[in-house]
Each structure stands twice: as C-alpha cells, then as structure tokens.
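Here is how the chains run, residue by residue.
Protein chains: 2
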Amino acid sequence: MVEALTGERKQERVSYPSLVDVDALKALLDGSEGGKRERIRALLNQPEFALRDFGSTEEHRAQVLAWCEALAKEEVGAGLFPVEFGGTGDLAGFLASFEMLAYHSISLTIKFGVQYGLWGGSVYQLGTERHHRKYLPDTVSLKLAGCFAMTEIGHGSNVRGIETEAVYDVETGEFVIDSPSYSAGKIYIGNAARDGKVATVFAQLEIGEERKGVHAFVVPIRDEEGDVLPGVRIEDCGEKVGLNGVDNGMIWFDGVRVPRENLLNRFADVDEEGKWTSPIESESARFFTMLGTLVGGRMSIAGCGVNAAKTGLTIAMRYALERRQFGRAGEEEMLLLDYPTHQRRLIGGLASLYGLHFAVQELVASHAANGGKPTREVETHAAALKAYATWQSHALLQTCREACGGEGYLSKNRLGELKADVDIFTTFEGDNTVLMQLVAKGLLGELKQKFKKGEMSLIKVLQKRWASGLRQGLGRRVDFTDVQQLQVLMREREELQLLALGRRMMRSRKAGADGMDSLLDNQLDMVRVAEAHAERVVLDAFCRGLADATGENREVLGKLALVFAIERVLKDGGWFGARGVTRKGFLDARRELGILYREIRVVAGELVDAFGVPESCLAGTIGESSFRIRR
Amino acid sequence: MVEALTGERKQERVSYPSLVDVDALKALLDGSEGGKRERIRALLNQPEFALRDFGSTEEHRAQVLAWCEALAKEEVGAGLFPVEFGGTGDLAGFLASFEMLAYHSISLTIKFGVQYGLWGGSVYQLGTERHHRKYLPDTVSLKLAGCFAMTEIGHGSNVRGIETEAVYDVETGEFVIDSPSYSAGKIYIGNAARDGKVATVFAQLEIGEERKGVHAFVVPIRDEEGDVLPGVRIEDCGEKVGLNGVDNGMIWFDGVRVPRENLLNRFADVDEEGKWTSPIESESARFFTMLGTLVGGRMSIAGCGVNAAKTGLTIAMRYALERRQFGRAGEEEMLLLDYPTHQRRLIGGLASLYGLHFAVQELVASHAANGGKPTREVETHAAALKAYATWQSHALLQTCREACGGEGYLSKNRLGELKADVDIFTTFEGDNTVLMQLVAKGLLGELKQKFKKGEMSLIKVLQKRWASGLRQGLGRRVDFTDVQQLQVLMREREELQLLALGRRMMRSRKAGADGMDSLLDNQLDMVRVAEAHAERVVLDAFCRGLADATGENREVLGKLALVFAIERVLKDGGWFGARGVTRKGFLDARRELGILYREIRVVAGELVDAFGVPESCLAGTIGESSFRIRR
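Protein sequence lines, in the order shown, are assigned to chains A and B.
Under the numbering used here, residues 10 to 640 are what the first sequence spells out, in order.
Under the numbering used here, residues 10 to 640 are what the second sequence spells out, in order.
I should point out that these hints are in silico values taken from the structure, not numbers from a laboratory.
Remember, predicted model here, so these are calculated numbers, not experimental data.
Be careful, since some hints might not be right.
[As the list claims (entries may be wrong)] The calculated DSBU-like cross-link candidates involving lysine-lysine, where the alpha carbons are at most 30 Å apart (straight line), are: (1) A:LYS45 with A:LYS35; (2) B:LYS519 with B:LYS593; (3) B:LYS580 with A:LYS580; (4) B:LYS450 with A:LYS206; (5) A:LYS593 with B:LYS450.
The following block holds chain A by itself, in its conformation from the complex (with noise of 0.2 Å):
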C-alpha cells in the first residue's frame, strides 16, 4: 500500500518539525484550570504520596484510606459544593483536580469519586437544603465517609428494576428499608466494606401498597465506632481484578428504619400523612432527571481513563526511546520508536489521547460553565465520550505493556496495574454497551426533533446524497492532508449512518414491531452510529482545540488530528469504500501516515512530556527520567 515510501524516499515530503514549545504545549493541554493542576502535580509529588507495593489488601485499602484524608486536608473535593455547606464553589476546579489524580492510583481516585461525587454528589443532587446543610460539611472533611447503593446483585445495567423497598410508615413517619432477595443486596459499592458510615440507598418507594418509582434514601450503615448497625448486613466483594484499594462490598438492608427527613427530596417528597408529590409528572421523565445528575461521574470517568492512559503512554514512549533492538550490521542497534510498527502503535495512541483529550475538557468547561445542570445533549455527548474514551484508555494500556515487552509485564512498571484498574471503566458508571446505546437514541432524539422544527431542506440534502450513493459528497478525491475534508467525511458519516437507522427503526415500527423488537433489529447499527458519532466529536473537538496552539506546537497538533482521522477512515475502510474513497485514496492515506508517524517521531518525547505526568507517578518505572543513570 505504501509503495510510494520505496526508492522515492528522498523526495518524499518530510518536514522535521523543530522541537516543539513543551511548557506551552503543557499550558495548552491544562486550559483555564492550570493552577488548579498544577497544584495536584505537587500534591502528588510530595513524599507521602509515593507510590508502593502493598503486602496485603488491608494495608492497600489503608493507604488510599489516608491518600484521600491528605487529600481531604487539602480541600481538594471541596469544590464541588457551595462555599454555604463547607465547600468551596469550584466545579472546574474539583473536575479538573479529580482527573488529576488518575495520574497516580486509580483505586485512589475512585475512592475520592465514591465519596464527593457519588456520595456527596448524589446529596447535594438529589437531596434539599437539610440534606445539604446536615452531611456535605463532614463530606468535604472525610469525617462522614459515604456509598453510593445503586447497583444490586440482580439489576446492573437496569436500574429501573432494582428490588430494594422503602416503604413508608404512616404511624412513626418512618421509611422502612428492605432487600427482599439474595438478588437486592447492593453490589460492588465502593466505601462498603471498610469505611463508609453512610450511604444514598436507591430503593422502590411504596406508600399505602402503591409504588411510586425508585427513590434514593439517605441510610446510615455504620455507627461512629465502625460497627455494622443492626438491620444492615455487609460482605466484602473480596479480590478484584483491579482497584483492589477500594473496599467494594454487597449490602442488605432488613428493616431498617430511617425518618422521613432522609428521603433525598429534590424531585419528589413524602408529607406526614404519607402524600407523595412531585414536580416532575411522568415517573419515566422523574427516573431520567434523577439519573442525569450522575452525568458529572460520567465525563470524569472518560477524563480518568485518559489520564491513567498518559501515564502508561509516557512510560512506553519513553521506554520506545532508550529501548534498542536490532539494527544494520556493524552499527548500533536501532531505537524502538524507529521502527514503523513502533511508531504506529504508540504515535497512533499519543493522536488518540490528544483528540480526547480535548474533546473531554471542551465538554468538562461547558458542563462546569453550565454550573453542572445536565442537559439532554451533554448526557448524549458525556455517554458517547465516557465509552468511546474509555474503550480507547483500555486498548491503549495493552498497547503500551506488549510494546515495552517484558519489561511491560513487571509489576514495578505499572502498566499491569493501570490497565487492570481502568477495565472497570468499561462497565461501571454505564455499561460502554448500554451507553453507547443511550447514544445512538438520544441523536434520534435530536433528529426526530430536527424534522418537527421543519428543518428538513437539510434532511433532503443528506437524503439525496444517500440515495446517489454519494457522488457528490464522499465520492469526491479526498486530500488526506486536509483535517477539514476528514472532518467532513466524518459528519457525513455520522448523519447518514444516523438518517439510515432513523428511517429502519420508523419502518419497523410502522410494520408493527414493538419497541423492543425494533431495538433489538438495530442495536448492531445503534452501536455503529454512536461509535461514529464519537469519533465525529472527538475530532471535532481536536481541531477547535488546536486552534487555539501556536507556531510549532500547532503544526505537530494538526499532524496528530490527521494521525487521529486517517486512522479512523482506514479502519472503517469498508464504509468509506463503499462511499467513494477510492483504493488510491486508501493508499494516499495510508502513505501519509507512514510520513505522519514519521515526523511526529521526532518530537514523540516532548508529546508526552506536555502531559505532565508527575515523576512521583513514574518512578521506579522504565519511564523515568533518570531511569537510566539510576539502573
């Protein structure tokens, strides 16, 4: 395919790009919230956070245990709260710091997610102003750790179904809390095995024999002393795969009595007399609004993975520049990073973390500028990146750890430990699958919206262009160095995959299929479509955000975007062929990638040094700077 590389080599157009302007670079990347970074850099730095081995899961669980106390000291979850309830008013500021902390041990950031964003989130989300004022203060302090019971045994991904029953007592003004099954137990709640006192219980409201829909519920679960209280019983989930510093443990509740004040009321209360009364009618609408305030964990989680992915990027990176393995006779063997294979692996995986990068933060600011109301669409955008981006943390982490060879499988070298924690991400806060789902119905949403507001001349244009199998769009000779004419392809590809699903699902509704029937016939493309429309806003994101570097530092950006989209375009090759991109275009793309790769090899090192991994987090590790001279 990439012929044109042999014999015509000298002619070939590759501009080395001086070295780029890291600490701008790094500035860039850290966008309004750099101080806010940086002063989690130095956290992180400092000697009480050094990263080590643990001899048993009880010392593992301790030491995260005290990460989160420094970190509480340091007011680092307090952002997320208003200064009226011990917080500090700071939403930027707490995503942005949050984030941060994947650098270093995800069990640590998930334990500090539990506890501010779960736990303290869901109170200060879905509770009131006596919620608030009564539990955030000793959140922020770590003084009240918290759970978050969702999930149970038999009901994961369908939240709808849970089992557990509060049922209300009109004689003490009570709620009674129940885990009618084996199957009711909460499951994999972190905090629940070792330190939580506390959780935000979701359960079926029943009143007078009536279901009212799931509720969440303010339930203690230990007493100040650390024991169980009577009525709740805990298991721990035991050994994980990963994440092993946090204490997940299973949940059930025999009734257990809390007064009525612990419903969590924003959308719904119970008076005395037992009268339920909402704001939000429709108890589908009232169960999605409730569910939306989880969107802020989402977009973390997408930053998380990201994150721990440049960590594991910089160690293989750097390794791929100090590692030399064959070569010409008679010379010094070459380095990793020189050869083609190499350089397709990890420069491709540098393009990816760049692209989410950007598109993660550009929905970050937007939902903190939005004071972390969630809407519609950035529910869809937060599903579509918290999946794609966390697919991608994941396969790049493999990536790294085959690409460092054996010395990728040493524990000491972190990339084992990175990989195992991030899997989770793939299922937990929305299962990638199901969200990617959510996606896929939340942009036919949105068209179905388009054609009641009448704008159907666009509808039309795309439906002409589908029909004539593209000629006038796709078909088109593409310039594989224009990011533009990929970001076209990529929309193009987006809206008809979109308008094609659209049109099958309304078909096979009129004909009489049910909801789920027409779900089922789809969820292949359902999932197509929402993968398409991640890749869309990932590049999108890409180039609004490059714009914004300068000089030599936006030159090496727009190569990235261009790794990042060719890529895209050739692995669904078959979509775009069948469009119009020619097989010389496919072998114009594939030839400018080689040359891409080659010139972004260059300045590979100071890529990912604008990350700014903290050292703490890479020392002792084949991705330290001092690595060499040490060993």
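Start from chain A and add chain B according to the hints.
Positioned in the frame of chain A, the structure of chain B alone reads:
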C-alpha cells in the same frame, strides 16, 4: 446496514438447528489424542488440583511446584522424550496434554512448559546422547528442575545480539561463562528465582579470541540444597502482571566454569584442543536451525492461549444464558445472549476459538507426525498461529470480562487472572509483531521459490488479476452463505498482498535500499500480509476440520466458519471494498451475520460444553453449571 431485518423478520431464514450432539462434537475437537485429553481432565478434577486463592506469591509458587510434581508422578511430561531416556516417546500425547493444562492455570502450564518444553526440550534438541542420558530421566521425574536462559536484559527479540560469553579454556578443557555487563543478565527466566538447579545458557562462544556465534551450554546454578552456586547471581523478577505462580528470575554469571561436555553439541562441537566443528557451515543457518527447535513451544503457546480463552468463554457464555437484564414491560427480563450486541461478542468469539482450535490442532498433528522436526514451512505456520491466536485469545478474554460486567471483574470468576496470564503470550516465545515479520519473510521466501521453480503461470495470472482490479476475481457477486467463496476471497487477499509486497521490496532493493531500509519501508505491510495469511490458514483449517463432523454438528460448524469468515471480511472492508465487494455485498454480509448469530445462539451453550473445560476449572465461578442453585 441490516435493513432487511426490519419488517420482514417473519420471512427471514432462521432455521434453528436441532440440538447438537455434544459428545460427538467434543470427540471431534479432542481428535486423535482424545484419550490423553480425558486423562488430563480427570487429573485436573482431582481434589489436589482444586484452584484456590493464595495468601502470598511464595504460597502460589509452592502450590504450582506441587502441581507440577503431581503431573510428573503421572509422567505427563514424559511423552516429549524417547523411552531410552526415561520418556514415553509420545509427542502427540505430550503436546495435547500440555495444552490441556491451560484450562486450569497458566502458571502451572508455563512452569510445566519451562521444565519439559524449554529446559528438557533444549537438552533433547540441541544436545546429544551424552546429555540425554545424563539429564533427561531426572528431568522427566522433576528431580532436576531446569531453566532456559536465552533472553537477556538488553536483548529480547534480538537473540543473536546477546552478550553472555563462553570462553573455552584449553588448559582445563572448560568453558568459562561470564556476563560482561548488567544488560547481559538473563531475564524473565522461569524456574530461576526459586526452583531451578540447572540451566541451558545461551552465550557467545569464544575460542582463542575468535567468536563462533551463539551456542547453548548446560550450567548448574544451584546445589542439591537449593543454594545458589558460586559465581552465579540470581535476582527475583518480582511481581508481574500475571503468572505469579512462576518464579521468574534474572541470572548473571561471573567466571562460572563448566566442563567441555556441557556444550549442547548437536549443531557444533569443540574438541579437547579447542578445535571447533559444525555440520552446518553458515553461522546464520546454524543459528536459525538452533532456534528452529523452539517451534514446538510456539505452537503449544498458541494452543494454550486458545484453551485459556475457552475457559473464559465458557464462563461468559453460561453467564449470558442465565443473566437477565431489561426486557419488555410486564415480562421476565431478557437473557443477555438474546441481545445482538452480546451475540456478536460471544458468538463471534466462539467462531474464532473453533477456527483457531482446528488450525492449531492441524499444525500440532503434522508436527508430531513429522517427529517434531522443524521445517521452514512449519516455522512460518507456527509463528503465524502463535501471534494470531494469542492476540485473539487475549482480546476475547477481555470481551468476556466486559460481557460479565461487574461479576467479570471479581477475581473469583477467573476472567481477570486468565487475561493477565495470557497477556504475556503476546510478547514471549517470540514477540508477536516480530513473529509477524518472520511470517512475511517466510512467505516471501516461498514466493521466490515459486519464481525459481518456474511456477510463473500462477504468478502471471495473479498479477493480471491484480492489475485489472480483480474484476474477474473478487469483483463477482459474493455469496456470503457460501464459505468456499469466502475461502477464495481470503486466499486472493493473501496472495495479492504478498505479491504487491514482494514487488515493492524488490523494487526498493533495486533502487539501492539496503535490507533494513527495505524492511522499514514495508514493515507495516509485512504485518498486514502475515495477518491475512493467518486468517486464511485458520479458515482453511476450520473448513477441513468441520468436514469430519456429521449431521447437525457439521451444519452448526459450517455456520460458525461463516461467522469467522464474514467478520474478517467486514473488518478489512477497505481492502475487500476497493477490490470489488460492493456496498450491497457488505449489506448482505452484515445481514447474513445477524442471522447466523441468532441461529447459533440457540446452541451456544452446547458449543461451549463441547470444549470440555473440566468443571473444576469453573468451580466457584459464574460459569459453574451448578452456580445458580448453589448461590
């Protein structure tokens, strides 16, 4: 893409096959070594092989050694060696038994493989009768635990570049083994950190200041009591991502003397006066002949990867046939396996494992039938299957983990352990990327032979086809229900890509590029050709393998082979599309795939049962057949 599924679903061909004959299918998979396989199943079901948690790495290592001793007592490793040296001379039985261990624990598998395949195998393959007589009987009984010390810290894939020296001292008739630097240390050596008494050490032979290339020597490293011998320094490799039941270590030598007889002298010898002789003149030919003896290990690793993935898929499939989530209002929730996204993940995986199984078994059988003698063709074949099978198996284990959600993340369900253990398969016994290049080189060599032999007619036909954009070849309308047509597609892709690669490499050499330039310019395409080769080989073996099945079994296997092939065509859609598969063709392919998933889904449980994973290897997991009741 699958629009035909909508609306017309009633008219669709969905012929649910009647239940497959699991016993017959299992017998087919077990093949000629069925008796040996059943014996290992029975052994692994013994209480002493019960899988359990380990409080420490030391405990884990001790248990794995104890398991190896139990296998030694049963003479499981004896088949590799002739009767006169304490073996049973049953290569096919040995290879089948070895592979079966991977159902149970990869640490056990690898510890066993180090002892018999690597240590014993190197003595047998590289040594002569004096070594066989002296070492093999105690190797079989595990009285003498050995290591295989090839890889060095500074020299992984590039074995020819190792630094360890063996200088012949004519005065004493001894070789003096030295590690001249830190990076000359042997690394990742199994059995080195704890149990090994002796090692096959690869070193640069030096006689009278003349270098003779890499030779292998038997070097004692510990005494009877297990104390490290003078001049030998051993360090533990420490915790690894997985495989922690194997005691990998690093070894340095400082003037360690071994008698002249310790040279494994099958391919080169040194007489008392220091006169060096070899039946193979070229140093390069000798080196590759020596490495060729490792080919059995490579095919075993391929088989072990596939078997570990079978355990994982059995767990995930049984869970998917029991776990319900979401569904129609008022009805019981749906089984996970009834969702197309889940079918794609697990039934696609099933097709891969069946195909890989047949391919590996075919290779192993031909290798055993040939008395274990390596040929160039077998080497290429083994390299391709090792790389392709281990990548596929590892990726499938990740898919299984995700398909089981949070349950998949609990250690007790084994998916994390299997994945972490199999991970190393992608870079040891030959780094997969390096192996893929070897494959391409091997194929180019075969192509050259064809030219030389005057088989030009074939070449010309293919070249013409290639030039004409394959209008006569791929351009015809493909019937995606006909696996033979897909075999042709796969073969054409391999041949055309290989021809194009050969042409480019020839051109580049003619234009004055040296071998390294030519390699760098074409490295990505070499890996591509090798992958096309591997997929063709697997599909062909799949089709030959299923031809031995009868009745419904044959029908179902035919469907699985179609799934394997169609998924590969879609994955490389850019290539097939650019060469004639139309948009309508891809549409047909996707539609057919959806139908096949639904048809196979009905017997998916039986299809994993036919793997015959011992129930002890599933005990306590969500894949245990009695799990639901017990829980």
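So which of those numbered hints doesn't the model satisfy?
2, 4
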